[in-house]
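Enquirer: When you get a sec, could you build the whole thing from the sequences and use the hints?
In my numbering, the protein residues as written are 565 to 1011.
Keep in mind the hints are simulated off the structure, nothing from the lab.
Incorrect hints may appear among the rest.
[Stated by the list, open to error] No more than 20 Å apart at the CA atoms, straight line, and that leaves these computed lysine to any residue pairs for SDA-like: (1) Lys887 - Asp1001; (2) Lys883 - Phe895; (3) Lys567 - Asn668; (4) Lys893 - Thr1006; (5) Lys693 - Ile738; (6) Lys976 - Leu577; (7) Lys856 - Ser702; (8) Lys882 - Lys855; (9) Lys707 - Asp943; (10) Lys900 - Asp836; (11) Lys661 - Ile643; (12) Lys693 - Met576; (13) Lys893 - Ile1009; (14) Lys893 - Gln1000; (15) Lys976 - Glu711; (16) Lys855 - Leu703; (17) Lys900 - Ile925; (18) Lys883 - Glu677; (19) Lys774 - Leu792; (20) Lys751 - Arg695; (21) Lys855 - Tyr765; (22) Lys567 - Phe594; (23) Lys941 - Gln961; (24) Lys707 - Glu719; (25) Lys900 - Leu1011.
[Said to hold, decoys possible] Simulated restraints on C-beta separations: (26) Ala739 - Pro936: 38 to 44 Å; (27) Gly662 - Glu923: 42 to 48 Å; (28) Arg957 - Arg982: 32 to 38 Å; (29) Pro906 - Asp744: 22 to 28 Å; (30) Thr762 - Tyr638: 45 to 51 Å; (31) Lys883 - Thr826: 14 to 20 Å; (32) His578 - Glu854: 48 to 54 Å; (33) Asp789 - Val635: 45 to 51 Å; (34) Lys751 - Tyr793: 43 to 49 Å; (35) Thr743 - Glu923: 36 to 42 Å.
All of these numbers come straight from a predicted model, not from anything done at the bench.
From the three backbone atoms N, C-alpha and C, an ideal C-beta is built for every residue, glycine too.
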Amino acid sequence: MVKVITYGTFDMLHHGHIRLLERARELGDFLIVGVTSDDFDKSRGKINVSQTLMERIENVRSTGLADQIIVEEYVGQKIDDIRRLEVDVFTVGSDWKGHFDYLNEWCKVVYLERTQGISSSELRAKKNKLRLGLIGDSLYLNKFYNECSFVNGIEISGICTNSISIMNDVIKKIAYKTTDINDLLDKVDAVFIVSHPTFHYDQIKLALNKRKHVLCESPSTLTLDQFLYLHNLAIEKGCIFIDAVKTSFSTAYSRLLTLIKTGAIGDIVSVDATCTSLMDFDFDLSEVEEKKWNSICAWGPTALLPVFNILGTNYCSKKIITKILAGTKNFDLFTKIDFIYPNAVASIKVGKGIKSEGELIVSGTKGYIFVPAPWWKTDYFEVRFEDSSKNQRYFYQLEGEGIRYEIVSFIKSVELKRNFIFEDENNSIAKIKVIQDFYDGTDRILL
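Expert: In structure tokens, the structure reads:
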């Protein structure tokens, strides 16, 4: 019996896939099909696959052409599979010609001509094409714009900004530019907002009332009432509204949360997160609160993310200790927030005027997890125990700081008509409540 093996994502199964499987089957007596896992697809740059792994496996099974289906999960697995399953022929599309010649050492390699005129990428682009507008004056728009180029099915249709630096960079590459948000909203299906937090509420409200989907850099509002109003307005208008923190979309972070839930480090007793950066203070202090993000807005949503994800939102009490820039009302150079839970504690430190080690430490009764700086961009973390010989290291590929995964999740949310995100509504509410308390002075101590 001649065994044949082939691999693929098989997203949105089409005639080209079926034809490849038919021709692969003709090469032998028994066909094994490897379907790539979501994480492995991400590592290969396929970050906006439309269907889940189980859906894609069912796609292949439904053809009746595969005698055996396996899941491809890591680099080098093809060699392991070929040897373990005693494969005689490896085959793949001709667009990979030459790439897998090294497998000739273990079996025969055959490249099949690809069916012309059709691909999953093209189908995804047609299906998910979303006209997106950018709003804001932050240089972060440059990074966001560049990350959009890695995602199929999205088109940057315009930008609304008053920033000269952005006009000299990103805006050159975008055909339509304006300083009037109403003009932009007439030309797009959705918007990404990263203006000053004091503008978020009005801009999001305007977009939702025009039935435009909204992805907003957190915090989307500065009060809980505003957030709940926008949340309900989005439901009423049939729109997607996401208050996003890019870290929550990274593979390493989601794996860290999963590991904690398994009880690997025991019961969690403490969570400590630090996020700081320095800024240029050569500007008019009378304008700083209108033009610059303070520490609690710039870093608060990120630092609060692991606290609420791991310990939940039902803390007993909190204490906000902050140092305000002289001459301003609420521009904090540094803020430390301590939380008391029934059986645990948490602490975050955020700063725009101080610098500290940006690490995350989760302490448990059996061990602890250490995520080195900058933990919010992590592709690596360690699980450490009293017996250091049991320590484990985990590595996960991170592309674009999680931004491109955030974009993919937004597109999928619009397509599925529901929020396809990893942070639930209660966490967003708790995050906004903490920020509101900072501004109201609730539980706040001034240094």
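Enquirer: Any hints this thing doesn't respect? Which numbers, in order?
Expert: 8, 18, 29, 31 and 34
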